[in-house]
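Heads up: the protein sequence lines correspond to chains A, B and C, in order.
When you read off a place in the first sequence, starting at 1, and then add 3, the result is the number in this note's numbering.
When you read off a place in the second sequence, starting at 1, and then add 3, the result is the number in this note's numbering.
When you read off a place in the third sequence, starting at 1, and then add 3, the result is the number in this note's numbering.
Note: identical chains are not told apart, hence a pair may lie in one copy or across any two.
Capping the alpha-carbon separation at 27 angstroms, the derived lysine-lysine pairs in DSSO-like fashion look like this: (1) 113 to 449; (2) 113 to 456; (3) 113 to 182; (4) 113 to 430.
Bear in mind the hints are in silico, worked out from the structure with no lab data behind them.
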Amino acid sequence: MRFLRTLVGAAGGLGLTLLAADRPNVVFILADDLGYADVGFQGCRDIPTPQLDALAAAGVRFTSGYAGHPFCSPTRASFMTGRYQHRFGYENNIAFDPQNTLMGLPVAEKTVPERMQAAGYATGMVGKWHLGAAHLFHPNRRGFDFFHGFLGGGHDYFEVSALRPMGEGYQTPLDHNGKPREIDGYLTDDLTRAAAGFIRDHRGEPFFLYVAYNAPHTPMQAPQERLATFAGISDPKRRTYAAMVSVLDDGVGLLLRTLEELGLRERTLVCFLSDNGGPPTANGARNDPLRGGKGSVFEGGIRVPFVMSWPARLPAGTTFAHPVISHDLSATALAAAGIGADTLARLDGVDLLPHLLGHDSRPPHEALFWRMNGGDQWAVRSGDWKLLQAGPNLAPALYNLAGDLAETRDLAAEQPGRVDGLQARWKAWNQGNREAFFPGFSDYHKAKNAFYKTLVKPTE
Amino acid sequence: MRFLRTLVGAAGGLGLTLLAADRPNVVFILADDLGYADVGFQGCRDIPTPQLDALAAAGVRFTSGYAGHPFCSPTRASFMTGRYQHRFGYENNIAFDPQNTLMGLPVAEKTVPERMQAAGYATGMVGKWHLGAAHLFHPNRRGFDFFHGFLGGGHDYFEVSALRPMGEGYQTPLDHNGKPREIDGYLTDDLTRAAAGFIRDHRGEPFFLYVAYNAPHTPMQAPQERLATFAGISDPKRRTYAAMVSVLDDGVGLLLRTLEELGLRERTLVCFLSDNGGPPTANGARNDPLRGGKGSVFEGGIRVPFVMSWPARLPAGTTFAHPVISHDLSATALAAAGIGADTLARLDGVDLLPHLLGHDSRPPHEALFWRMNGGDQWAVRSGDWKLLQAGPNLAPALYNLAGDLAETRDLAAEQPGRVDGLQARWKAWNQGNREAFFPGFSDYHKAKNAFYKTLVKPTE
Amino acid sequence: MRFLRTLVGAAGGLGLTLLAADRPNVVFILADDLGYADVGFQGCRDIPTPQLDALAAAGVRFTSGYAGHPFCSPTRASFMTGRYQHRFGYENNIAFDPQNTLMGLPVAEKTVPERMQAAGYATGMVGKWHLGAAHLFHPNRRGFDFFHGFLGGGHDYFEVSALRPMGEGYQTPLDHNGKPREIDGYLTDDLTRAAAGFIRDHRGEPFFLYVAYNAPHTPMQAPQERLATFAGISDPKRRTYAAMVSVLDDGVGLLLRTLEELGLRERTLVCFLSDNGGPPTANGARNDPLRGGKGSVFEGGIRVPFVMSWPARLPAGTTFAHPVISHDLSATALAAAGIGADTLARLDGVDLLPHLLGHDSRPPHEALFWRMNGGDQWAVRSGDWKLLQAGPNLAPALYNLAGDLAETRDLAAEQPGRVDGLQARWKAWNQGNREAFFPGFSDYHKAKNAFYKTLVKPTE
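Next up, chain A with everything else stripped away, as it sits in the complex (with noise of 0.2 angstroms):
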């Protein structure tokens, strides 16, 4: 792997750069908790993010993007993989236990980053994990050669703290391929910094940079000055969540001008999208004009702002409107790493070089597939069909995207076959499903805390 590395890097010193051009860095931007329509490019009007507009203007927008997963956990087990998390039981939100060895992305599911290092790329990963907090988890056993960042589900923006973390982990120092770090101003431009570091490192190879800001996730605490900036907002957590935003633009800023100022930015594959739809009570996102949001598999849940930006290969300003998932963005990447068709037939991710590019004029997928609860909550979209099922006991509810995207005329009762015919194909989809094999993060700690209150109670 080393020695492929150097090699690369050789060809490159050589004049051979055709090679390093075919074969793009990748940098892929996630944001946590983000609404459909808290950007510029999807229309909102209170927050400005100029960066991440230009980004869209610069490469292709999709209009129906999706993410693997109504909530945060599966989803990056999804877009770590290139595969349904659900495959091998990865559907609840991952508590934090460092001392739990069997609670994370399965060691037997090659991630990646892990796939991209035997291609030859110097992997980075910067910001959010959360996939699993014990050793064997940890993003520098999974493929990543640099790791900045905190393994929870969330993070305090300013402070940490060895002796006094909160639950989930929230204050941990900051890890730094293992080393604790505090944090450096707010966490939001500390991590920015990181990921440029990463960049500027690692300028003369190919290397995959996974970027995951914890922002605009709860807590809802954003730098004073920036907040300032937006004291037209009245309601006081919609003004924090703008000023959190507002932060993480400007960090997708300098990671493209750190491109661009590198000469990198042309042969940079760029993608930026959200963990799940945003959840409008915990931090004052919106999703309009989509009905629900995070924890729904209502569009508002699953539907996110999704860019691909890749100046060198693909057209600026266009859009892309067949539904595309989270996961596609790995096997995108995967194929332009070069990794064999054969490998990539077995994700359930797809290239979407081939379809973006006019190659393959079909929709990259006859149907996507969400499942939540063990299957209480589910949902399939297939053209501009979609049908779901809201909770347990819910008869599924057919909607009709095209005309409905806020999916409020539910025409199952017209249209039986229809429903049968949807639901036929996400049972077979389910067919290859496991179950959970573990908890979400509140029922396990009820579980763990069970065990303590055999030692917590009375003497007598």
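Chains B and C: place on chain A using the hints.
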């Protein structure tokens, strides 16, 4: 809260000094396992405590001042809430286990520092917490803006070790607002410096400071040079004890001097007491002429040195003879900070000020109560009379403390009616109590090890 | 103890040098998984070990020197106590679990360094402990004034990580008297420097130093420049192994030079041995011409390079052919330090000095014994004869090592009487043993994970 504090500060700046003067700073100084007879103002001869004596001379000495419990952790639970700790099942000495989030001062209980914060006070704690080691019980999460100390029931006076903590955490790094710290010199001096620093940092606003020295609790360790000044004490344990108390006395002196230098002494309510009676065998403390010591409901286990000084309001050089208890200080501080009467009425502690100033000539309490080990031991004091049960299945004993401070003459047989009356009173009080919700630390470790024993056993 | 040390120091200063000369310094150097054939003085050709060869040439080489166990942790348990580890149920390779206070060298067992401390020695340990990771088993609590090393069964040679320790703690920060430390360069060099520092710091008083190198145990990691000098070895594992052993040899050289420069070499008893036979598959070690390796009761698993040098007392360039075992060195050191005969008589180790000096012409032991896996494997050696059972339900095999060092000719069928006699002897020895009180590390983790599996399972 921040706003409120600013207001108070601004009001002070505008000359509305009455407000600040009316609402004193509050400094609670708690010694740990200090005997009833081990300070000069209690008649001690072999350990000079000029600073504590001066403090007592400057205010009110309580001749029947009691700790809320015969041992450490429960006294602190009542001290930090203003309520009898049995109200919420906090009856045992808590084990040190940062992993156990179920064991600590219940989060449902509002703490004194939380109430002081809400009243606009800056709140700081220095020293021994001993009310839960898991993150959610951390002093910074229970009302203290500032914390410098440790979470367990004691600490080595010189050494910390990140990798080799003694049982019960006696060598964990000091915790400075959640960040690890070495001890700077001798622990008692280190704590004094942190407390003085807090006073200086908050000179311009009302503050509540809780200085919980672990001296003279075991381990018996004192600076070499201070030990030398007690060469005349032949018993080595008492010699070390004397040196430890002497350094503690210096510390109190430095705090008082700091207040004076900043011009705050007049308007600062300073209290000093011990968390329970001295344990002669463990640390060489003396409780003469009282019977028993730490861990006993005889006077030696609960009657402690007890002083309150507030030059702006309280006359110097006075004594107060009616029985009072540690959580009366909590109520007094809250009342002085302007906490409403309705809140105070829900506490068990009583605002002592009206009694000390003669506005209320009744005794603060009709009776005081103690309970240990689920009721195996208990005591009630009313007026000069005390009824106690010293162990399981023992008959209650009745003493008249006016003539029999040493509790040597059991009058129970002579006064069965008084016995019945006092016992009925204790039972009525006990109706409002809960059973302990966690075991004492040795039972806890036994139970926890039982789990490990399921792992550690022959493979055969 | 402190007084005793001072006395000895003062006596030395007054010219009473006989005392100090009579009581040597003791330096135990233990290699980890070093093969029988992998040092020059054992005939190794591809790895130069000039320093170890010089050490062997300066003292006594034991041609039948045995480790107390075919693998690591139990050998160390006997080495640190002077007793067969089975006496106290220490039969398995211990897991790394700092939370488990029940699993380690039993605190009821008095350690060699504790006895040396009591005899007035400064005691230091450098390197791999592997006798329990919970606080109460820490070397500083088991007799070593000074410790610099790590608590688990192995360690990365370059990296530590506070947040990302490998399984079994291979990347925990180094532990320097309980404080975390980075590795300074290559671990073997770091340990050597710490050991040399201890020698310098204690040049003026008798000292006991235990240098437990983890080299050449896995992970296979060596400094690049040293690897280069072994480019002639084609097998990459053996090449790395050779480099690791070579750096270890340098380290021993530096320690010997340090002793010489301080004028201590004459009166220092230096021992060198391996903790068990080499594991050829794991690290490329060789045990030729012996059969088997680490984990086996054949000679390759237990017979190791074994040297003792004490210039003031022992002749140079000699060999000793009678069977001896690692904990004989413990007894020899204790005897040399003046520990009473009554204490020594309670140990299984034997003071070798009288045998080496010809004061006692008998073999040190009538027989030596080994036991693995609760008796599934066992061996006894008496004179040239060895009876062993190589696995569960196998018939014992009898070898005459005088003519059959490679254990190829089983004579059990020819000499049933000798088989019975040796087996009876082993059984008699085994009467005094206890069953293992903790399982091997993989069984331990299996059992611990069984608990976590009660937490990690489908929510449905």
